[in-house]
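J.: Here's the letter readout for the chains.
Number of protein chains: 2
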Amino acid sequence: MAAATTSKAILPPHNHPTATTTATKNGFSISIRAYHNSTIESHPGQQPSNKGIKLAESLSNMLHLHIERNLNHRTSNVPRIEDKHNTPTMSPKENISKKWQEIHGSNDWNNLLDPLHPWLRREIVKYGEFAQATYDAFDFDSFSEYCGSCRYNRQKLFEKLGLTKSGYKVTKYVYAMSQIDLPQWLERSRLADTWSKDSNWMGFVAVSDDQETQRIGRRDIVVSWRGTVAPSEWYDNMQNKLESIGQGEAKVEHGFLSIYTSKSESTRYNKSSASEQVMREVKKLVNYYKGRGEEVSLTITGHSLGGALALLNAYEAAKNFSGLRISVISFAAPRVGNIAFRDELYQMGIKTLRVTIKQDVVPRMPGIVFNESLQKFDDITGTLEWVYTHVGVELKLDIRSSIYLKKRLNLVGIHMLETYLHLVDGYLDSTTTFRSDAKRDVVLVNKDCDMLVDELKIPPNWYQLENKGLERNFHGRWVKPTRDPEDIPSPTVESYSNVLEMQGSYGIETLFNI
Amino acid sequence: MAAATTSKAILPPHNHPTATTTATKNGFSISIRAYHNSTIESHPGQQPSNKGIKLAESLSNMLHLHIERNLNHRTSNVPRIEDKHNTPTMSPKENISKKWQEIHGSNDWNNLLDPLHPWLRREIVKYGEFAQATYDAFDFDSFSEYCGSCRYNRQKLFEKLGLTKSGYKVTKYVYAMSQIDLPQWLERSRLADTWSKDSNWMGFVAVSDDQETQRIGRRDIVVSWRGTVAPSEWYDNMQNKLESIGQGEAKVEHGFLSIYTSKSESTRYNKSSASEQVMREVKKLVNYYKGRGEEVSLTITGHSLGGALALLNAYEAAKNFSGLRISVISFAAPRVGNIAFRDELYQMGIKTLRVTIKQDVVPRMPGIVFNESLQKFDDITGTLEWVYTHVGVELKLDIRSSIYLKKRLNLVGIHMLETYLHLVDGYLDSTTTFRSDAKRDVVLVNKDCDMLVDELKIPPNWYQLENKGLERNFHGRWVKPTRDPEDIPSPTVESYSNVLEMQGSYGIETLFNI
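Line by line, the protein sequences are chains A and B. Quick note: the first sequence uses full-length UniProt numbering, first residue 1, plus one each step. Quick note: the second sequence uses full-length UniProt numbering, first residue 1, plus one each step.
If we strip away everything but chain A, and leave its shape as in the complex, we get:
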């Protein structure tokens, strides 16, 4: 048996899937993909796989309730993915200008969610793809001096990710740091020389162009927040660390708040905090477009940790811009603050659509916590659930609705934003399965996980750079090419370029109003 492991020795496969640790309980298999970032890998003392097995066992009790074995038969008539190759990935864009307030929650999404209104569905996917962009463009390579930054400058971001048709333009990149020690939060380069030792690229501000503005009925400013780490482990250690926000009783988890508000003069990218960067940019844009007499909205989006930051951002924006229509569309977000925090958000008119997947653990944090001694997850009602409170209206998805998805419990895959976007795209109502005329590319689901059923023959974790970015030079040596100068982060460029740009695109007369 043991030799079977050795036996792969001389296989140099192109595809190295991450380890899948599997435990079977009650006849249903549960799979947890043990992700190893390079930091873990460089410390041979750690044994993440063991942890994965433990976790799988622990979760099986709780989660088998939500996945029934007999659903597997559905995968037998999965449509051939090749039949869709020559079909468009989206429907023609509707003009939603008459209905946009409702789509953004003015009526708390009454009668829009079940069944899901097709215009709303498209808008959710649109914002979700802005959040996905923060993952797709992020430099995770710890051997890169730009680890933790965006791989492209903001002018090129949407073009590189195939989002040019979104009708938005990125005006600002946002960087964040944290002054408290949060487990596995920061992606850090191993090199001595790095663009930043303290900060990570944390998202962007974008604004709708004239054509999109016309279609959606107002000038829309978007803030898209990147997630980094599932907030679950923070709750393990920091369940009680709520911190005050604002002047009243509102309190929020101190880890989220730290990322949102930390700054330090000694850093290159966080002399101002993420909060300050975003608020300054939003203020600039709001003033500019309101100054032109336009109706303006602010839509804040994010996945997981990014969804938590979106709420903090919405809270602060509402405090600063009275009368501005602010909505949050979050994916897989955990609870962030207490009841007073929620109530203040409601009072200020912030509308939050919270997209969740029934089988995803993270949106249930910190309502459930890991019980080390019992080796299982428990619902702790009456305690934390009453401290941390969810905000807004929930759109609840179910992985069982899609015939394209594996039904085994892949905790990582179920939490992935692409899985969310796939399920939104196929969602009709709470009782129906995946709609047959969904157009979004199913293949995207497997970008960074192994969620698609085998019949589709899509490799897992396929989203990867050729040779991890190494290229052969003139001498035949494999080298890491230097980044295009325009894609190298620079605090100076970050501070000034969008002003110069507005000068160019919108007329110099506005420059001095900013």
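Keep in mind that the hints are not guaranteed to be accurate.
Unchecked claim - Derived list of chain A stretches under chain B, where covered just means 3 residues or more per stretch with a C-beta under 8 Å from a C-beta of chain B: (1) 94-108; (2) 455-462; (3) 477-490.
Derived by calculation from the structure, the hints in this document are not laboratory data. Cβ coordinates follow ideal geometry from the N, Cα and C atoms, glycine included.
Here the structure of chain A is known, so what remains is to put chain B in place on it, guided by the hints.
T.: Just chain B now, kept in the frame of chain A:
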């Protein structure tokens, strides 16, 4: 703790290193990389990581003898790899025409190995790179309909792999099957439609061009055999399955022989066996060049399983071509046959240079076997060691000699051919460490493993396709592009093209002699 696994959920890293399972024993850390091919991954019931841990523990006893802890300090003064970026990867080629017989073992490599003669060093690396090419170009993607084939046609192979300067030209691809069930031998497509259900691309025949022929003093025919699976696991189950070869007492391991000789009329690529394909091609080339009055040599190379096949191939070739100078340069090859087999090889004048790494387990197979009950490897002297016998002269390398290599026991990494080639390139003699003027690109070592010290900042397992071969089509959908027609394997083309080619390149008058 458990949440730490979940925590990587929202990280969509580009780089997914394979799992590293680690056990610590006697203060020295042993790391076994658990490779998961896609077959394993699709069967969530398997738990390869567990196996990895077991194996690590089992091996620690045996192998700590060969790695001393205090060698780690050497990594502190590793030269900066960037300093070599603008230097050539090889020395100018020497004319070895006067010494080629000696380099190929006419004097059993006496006085050439310790210290290693620089001309011999270069020739070893040259043949090793032919063996490496069979890995680099192999399609391991089980979701590809061409899984198990070569990704390029033979005219393009060397160009694609940067081997155009080798001075050789591929004349024939070799395919193999096996009629007995060998564990994890065949790489097979999961698709219903596949280029071949039974056969794998197993290597190639090449011949030196006129310029190289002049430099090396004779026309050299090369057969390069791909390895697939470490033969270790075969010995677990098949230790006693020796099969006769030839007319005398010679016997060889029946799994190797099966791959070498199996054929079936019902297959597309193995209507003739690998043996027959190679022998026919070699015969054609020998006749052709001898017919032109040239001196001809046959050099057979291969790594691991490929090294075993090389010996079988040499045996058969010697039987068929008396007077032809035949040599074998093998890397990490296990024992193949009994004493009678070895003696016959010697009698027929076959010269074998067997390159091994002291810490590699495979060349010690089947002299050591895994003892399931004791959970450790044992040297079984007096039994199998006397049945299976090594052939030829050994060039023994040591991973401790290179400051570039990690000293922890990575069984997979130590067995990799690129690790071998790196150590050959740096080898001076049995007492000296890595030569400082070695030119070969150190980065290559990490293609498919994690052997380079962290100071070098080379990502592990970097040899990978962009997005695993998926590309965006006109509609924005991610699709697996169809192969270039010229790179699609075809039994017809395989049978005839090299004849047509010789007609073209060498003159039509020879066509009818073949």
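J.: For every hint, state whether the structure bears it out.
T.: A quick look at each hint next to the structure:
As drawn, the stretch 94-108 of chain A meets chain B at 0 residues by the rule of a beta-carbon pair under 8 Å; below three, the given contact is violated. Only residues whose C-beta sits within less than 8 Å of a C-beta in chain B count toward coverage, and the stretch 455-462 of chain A has 6 of them, enough to reach three; the restraint holds. Note: the stretch 477-490 of chain A has 3 residues with beta-carbon separation from chain B under 8 Å; the three-residue rule is met and the coverage holds.
The earlier numbered hint that this structure contradicts is number 1, and it is the only one.
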